[in-house]
Structures are given as C-alpha cells and as structure tokens.
Amino acid sequence: MPRRFHVLRYASAVVWVGLAALLRLAVEPALGSQLPYITFFLAVAFTAWHAGSGPAAFATLLGYVAADRMFLVPRSGAEFAVGSVMYFAVCVGMIWLRVLEERARRGMAARAEKLRASDERFRSLVEASAQLVWTTTAEGGVVEASPSWTAFTGQRPEEARGFGWMDALHPDDRARVGELWARSIIAGASFELEYRLRRGDGVYVLTQVFAAPVLDAQGAVREWICTGRDISARGEAQVQSQRLAAIVESSVDAIITKTLEGIVTSWNRGAERIFGYTADEIVGQPITRLVPPDRHDDVPTILGAIARGERVDHLETERIRKDGQRIHVSLSISPLVDASGRVVGASKIARDVTDRKRAEEELRANEERARALLEFNQAVINQMGEGLYVVDPTGRTTFVNPAAERLFGWKRDELIGRRMHDVAHPSHPEDDCPVLRVARDGAPLARRDDFFLRKDGTSFPVAYSVSPIGSEGRVVALAVVFRDMTQDVKAGSEREALLAETERARAQAEAANRAKDEFLSIVSHELRTPLSAMLNWLRVLRSGKGLHTARALDSMQRSAEAQSKLIEDLLDVSRIATGRLRVELRPVELAGVVRAALETVLPAAEAKGVRVETKLDERGATVSGDAERLQQVAWNLLSNAVKFTPGGGFVEATVESGDGLARLVVRDSGQGIAPQFLPHVFDRFEQAEPAATRRHGGLGLGLAIVRHLVELHGGRVDVESAGEGQGAAFTVTLPLARSAPETDARGRT
Amino acid sequence: MIEDGKVVLIVEDDTDARESLAALLETEGYRVLEAAEGGEALEVLRSAPVGIILLDIFMPGMNGCAFMNEQSADPVLASIPVVVITADAAAARKASRRGIEAAMTKPVDHDRLLEIVGRHF
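Protein sequences, first through last, are from chains A and B.
Heads up: the first sequence begins at 0 in numbering that gives the first Met the number 0, then just goes up one per residue.
Heads up: the second sequence begins at 0 in numbering that gives the first Met the number 0, then just goes up one per residue.
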C-alpha cells in the first residue's frame, strides 16, 4: 500500500478527532464535564470505517488525549477511571470489529482473485487443448449448444437441443454411443469414447470425447462437461503406420535398415527368408556379412552415396545367404533421415532375383539357341542346291530361296505374291497341279517327271517334293523342294547310250563268239571231212583188194589239197589279224594273174557245167602288186562264183582299166546274195548259210582275205547283187602302176 | 557175194567222204546204198531193205537231225539202227542222246565202226 495513502488515512484520523473535539466543545454548555469522551467515539468509529484499524487506533489515542486535556475535570476518582476504561473498551471494540471486517474483506478478495485466475487458466486450457466443449444435463440432453459445438458441427443451437446433438453423429455410431451414454450416466463416472462426428462441411471425423460429471453437494450428477477432439489424423497416422508395419513384415522382399556404418538395425521376415538369418542373428551385425568377398567394394560405394543423401536404385548384385549360397539380388537403398533432415542410416529393399536371373539367362540361352538354329536353317536354305519355295494354300508365293531364284531366273521380289503354278508350269491343268493337290489333301507327294518354266520361257526337267506345313491340323503353307534334273536326265541318257553301247558290244562279242564257235566247228568239219575221206581210202587201199585204186588216189589228192588250202587261208587270216600279212609290190599284169587263177578253177567249173567267160584287157591293166596274192584274190572270187553258180550258169571275169584304175569284175548267174547279208560278205567267219544245212564247204574266210589283200594293194573290193537268185558281181579296183619307170627308161635310151 | 541182208545206207553230202566210206564197207562185204541228204535217204529206205544207217549231220537239204525225226516218226523205218558220223564232236555228243546206235566223230575208228555195223548182221 503506498505510504502517501497511509499518511492520508492517519490524517483523516486527526481530522475526525478534531471534528469530535469541536463537537464536544459545542455541547460543553449542555454537558459540562459529563461524558467527556462521547463525541470521540464517533471520531474513532468514522476513522475505523473509512481509514481502517490502524488509523482508528491512532484516533483513539488522539481522542483520549484531547478529551483528557480539554474536558476531563476530575482527574481521579472512580468516575474518571470508569470513563477512561469504557472509552478504550468501546474504541478497542470498534477497532477490533474493523480489524475483523478488514480481515474478512481481504480473504474474500484473495479468494475471488484465485477463482478468477483459475477460471481463466481453465478457459485457456480448454481453448488450447480441445476443439469442442459442451455441457449436457445429467440425463445427457443439451440445454444450450456451446459455440464450439455449433462451430464444429454446423448445427444450429436449437437443432442440438435435447438429444438433437446425436444427429451429428455418424448413423452407424449412434446406437453404440447412446448405449454407452446411458450406461455411463447411470454409473456417474467420467468416461471416454470415440465416434465419428459430422463436421460442418459434412465430413465425418473420428472424434475422441471425454465426458466428466459435475457433482452437486449431495454427490449427484448435476451436469456433464464434455470435450471432443478430432483424432482422425492420429487415427490415420496410426493406421498408416500399422499398415506400413504390416507391409514391411509381409513383404516378400527383404526390407532392412542400417546405420551409416553399415550396422543392421532392422530386419523383416522377407530378409529372413531371402538371406536365411533371423532378425535376432543379424540386427547389430555389419551388413558386410551378406556381401561376398569379391563384392566388398560395393559397400563403401553404397554407403557413400547414402551419406550424401543419394538413392541407389535397382542395383543388381550378388549376396551370400547364411548357408553360403550365392544369390542374385536387386537392391534399392534410400537414406534414412531424422527429424532435422540429417542422414542417419539407410533403408534397403532387397529382392531375390536369382530365379529371374536364371530365367533371364535361360531365356537368353534359348534365344541364342533359337537364333543359332534359325541362322543354321537360314544358311542351309540359302546354301542348298535344291530350289525351295513356299506358297500359301491358294498357291501364292511367300518364300523363295536363292537356288530357286537362280533356277527359275526370277528374282524373289518378282515371285512373292504371284501364283507359283502360273509361273512354274502353267501348261498343267490346275486340277492336276501336285502342289495345289497337296493343299487340298494335306498329304505330301513327290514327282520326278515334271518340267518347270524359266523366266526366259525355256523349261527344265525337275524332280520335286511338296510338303504341307500344318498348324492345328490345317494346312497353312506348302513347301516345295525341287531339283533341276537336266544333268540327271543327260546322265541318264548317257548312261542309257552307254548301256546300249555295252549291250551292242556284248551282243557283238556274243555274236563274234558264236561266229567263232561256229567257225571252229566249221574248221573242224572242213579239216576232218577230207581227212576222213583220205583215211577211208587208205583203209580201202590197204585191204589190198585192188578195187577203186585210181578213184581213191584222185579223191585223196583232192582232199589233201583242200586241206592245204584251208590251212593256208587260216594262216592268212591269222597274219591279217596280227598285222603280219606282207605283200611284195611289183608291176603286175592283172590279166595274167586272172588267167592263172582261171586255170585252177576251170576244171571244177567244167565238172559242174558252169560256163566261164573272160574279157581280159591284156596290156592296159598293169598294177603294182604281189602277183601271188593278186592271184589268190582272183582265185577266191572265181572259185566262189563257180561254187555258188549251179550247173548251166555262167561265170564272167573281166579285166579293164581307165581313169588310172584297173578293175577286175567277177560276175556270175548264181544264187546271189540277200540284201541283209551284203554288208557282211567281207567279214571274217561270215557265211550266208547256217552250218547245219550249208551246201558249200569252205571256211568263209575267202572274201575277208580278198578284201584285206586288195586293201593292202591300195585298192578296194565291192559287191553287187540284185538279191537271192539274181547272181552277184564282185569288183576289185586297184590303182594302175605308174608308167614312170618306163618313161625313165625311154628317156635314157 | 553180196548178201541181200547186209545192206548199209550212207547218208553224207561230201562226195569223197561218202564214196571212200562206201568203198571201205564194200571191201568188207557189205552192200552199200548212198544218199547225199535226208530226203534222198528216206526215198532209198522206202525202196530197199536197209540193215543200218550211217548218218552225217551237217548236210544241205534235209540235215541229219531232221532225217532222224522223220525216220522215228515212220513205224516201218523207226527200228532201223542209226550210227551218226559227224565231223563236229559237239553234234555227235548231241546226237548220242537220241537213242541212236552210236555216235562217231570223223575221221572214224574203222574197227569200231565195222564192229558196230557187224553186230547188226
């Protein structure tokens, strides 16, 4: 209390005592010395009332002094004592009352202040901590909705009145809340509950409500004070957190946190599954236990990046399981920051990609194999010598290999999309096209006897096979592989020609062999027959019976000569065959040679009754030759003519010359020669008649020898015959001997 | 001197061979008939009794084989024995399979021939 105020209060005590002294003086006349203190009671009372107990005590003392000095006449005696005691008693009594009153007033003010402060504290507490405060009756009804309620829920005060406030609850919560309220009200104890409360914007928010009873003096519930808080955020956060925890725990991926030093701080079930360590085993251990020795360099790199606040995404690397098995993992590592944003560790998600890796590798290997196979097939198709083309079921070309391009002369681009039937063999009726037939029937077939057209219009023989390419039982394409058979056909015909040649040669050889056998048979016959006659005659002669002697000798002579002739012919043929037949060439008069030959033939001719005529150019036909051999030629021709001319016929021998040539023609009217045998008359061993029935002896060597001898002389021999029974004419043509030596001789003479 | 029953027919186209064989048989006391080929031989057979036939194979006209076919087909002539005499050894071997008396190769072994012929008279 300020000092000046005290002074004023004590001053007021002086004033009141002064006024009382004046008033006593005024009534002095009436009272005299009676009742000296009377007015001073008033002064003390006023001072006590207005200025408090202290100044009143001061006024009491002042009043006593004033009364004593001014008005107390008898200073002793009982009256005086009584008056003084009464004065002080009354004054003290008044001051005491004043003190009591002051004390009571001071206590009340302190209590009021205290209440006010508490009230304010409570209000600010409510405002700070709760969004919503309201009161209800003991039964739970609202009398007057609080401003916070109306502000929060948007309900007008009259809507909330009574139990209208429950309309603001989520319909699903009303029954539960109503029941809970009822129970709690009966119990009369504070309670807590959560329900969804509709906000002014219509959104239900989870609200935590705390209700406390206000009790009256008797302990009964007078009213309820309710506070509500929007805890939707907290609920969501909690749900979120639980969800996250569930996700982490149920993740098949390993989710691990670690410090920046690489010490594991958390470990989920996925990590346990992937790496084989339980959380107990690994938490607190260095992460390097999971890292294979050759990957240890990874760790500082990763931790360095994390410390800089960087993420590591999808790092594919290898790790080691507890059982030592290496696995492929994909790592995503993020920095963990504290509230201040400082990096304090790392969270790592590891996915076991071993299977994926293996699958990828298998896939890659498969792809590689498939590609290699494809390349191999491609190479085969490109390199194969056979043409390959593929058509769709309607016959349109979809693929052509290089060999087909080359064989057809068409470029791939020219063929793709065209009907191959029209290109390759348009002359075929379509119904008969083997390719299209395979398209219809689905059964593969092969042909060897077809021709394909080239671009230039020429054709080539082909062999081909047509294979249906099916998918789900349906023909989707046809592959035609064909081969140019030109070489094969050529080779085939060459082979056939060769075969025919061989066959001919074999037939010839067989014929030659037969001819040889026949010849040997004839030789045998021709040698044995005269021998037989000679031996027969010898036996006859030896019998000494003298019969037939002349005839026997003639016959033996003939037979011996015939044998000799045969042997000569055989030797000649042998010499011809071995190339050892020689002629000595001298100028020879052909006519003389022919005449000499005629002499040996004439007896036989005469015996048969064959007429022999000659026209011999005696001087003109001089040839260069071997007289003996030329005579052999003439004899052979003449004796043949006689042999094959029946009695009554004729043989004509002509020698003539001209154009530098000498000619010997032996013509007969004999049996002639069949046209088919004409080309063979000069062949060795050839005779027109089969051995079994031949009418004429001889080996059939004569004409072969004739031809050879004539050719040795540089000439030729020809035969003509109009046919069987028409006679024959043999013509030997020889070059005339040059007359040069004679000319020389004349020149010298 | 020549007995009617001892008649030999020689069928042979080569004159020298035929005549020399005929002379040989005649000196041995046989009567010999001659034919130059099969047809002629058949004629002879039908006109004269023949005890044995000496037959050549290779002949113009009817050859030896054809003759034997004709002869064996003729019931009268079929029984007359035949001796084949040929210059061809292969033909002789072939003929010997036909149920003939004998097959001989020229030049013939006279003693053996005479022995065979002699057996039939």
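In short, the hints are calculated from the structure, not lab data.
Note that the structure is predicted; figures quoted are calculated from it, not measured.
One or more of the hints may lead you astray.
Calculated cross-link-like contacts (lysine-lysine; reagent style DSSO-like; alpha-carbon spacing at most 27 Å) [unchecked claim]:
hint, chain 1, residue 1, chain 2, residue 2
1, A, K489, A, K454
2, B, K5, A, K515
3, A, K515, A, K564
4, B, K93, A, K544
5, A, K454, A, K410
6, A, K607, A, K544
Consistency of the hints with the structure:
1. A:K489 to A:K454: holds (22 Å)
2. B:K5 to A:K515: Status violated; Cα separation ~42 Å.
3. A:K515 to A:K564: holds (19 Å)
4. B:K93 to A:K544: violated (37 Å)
5. A:K454 to A:K410: holds (10 Å)
6. A:K607 to A:K544: This hinted pair is violated, its Cα atoms lying about 31 Å apart.
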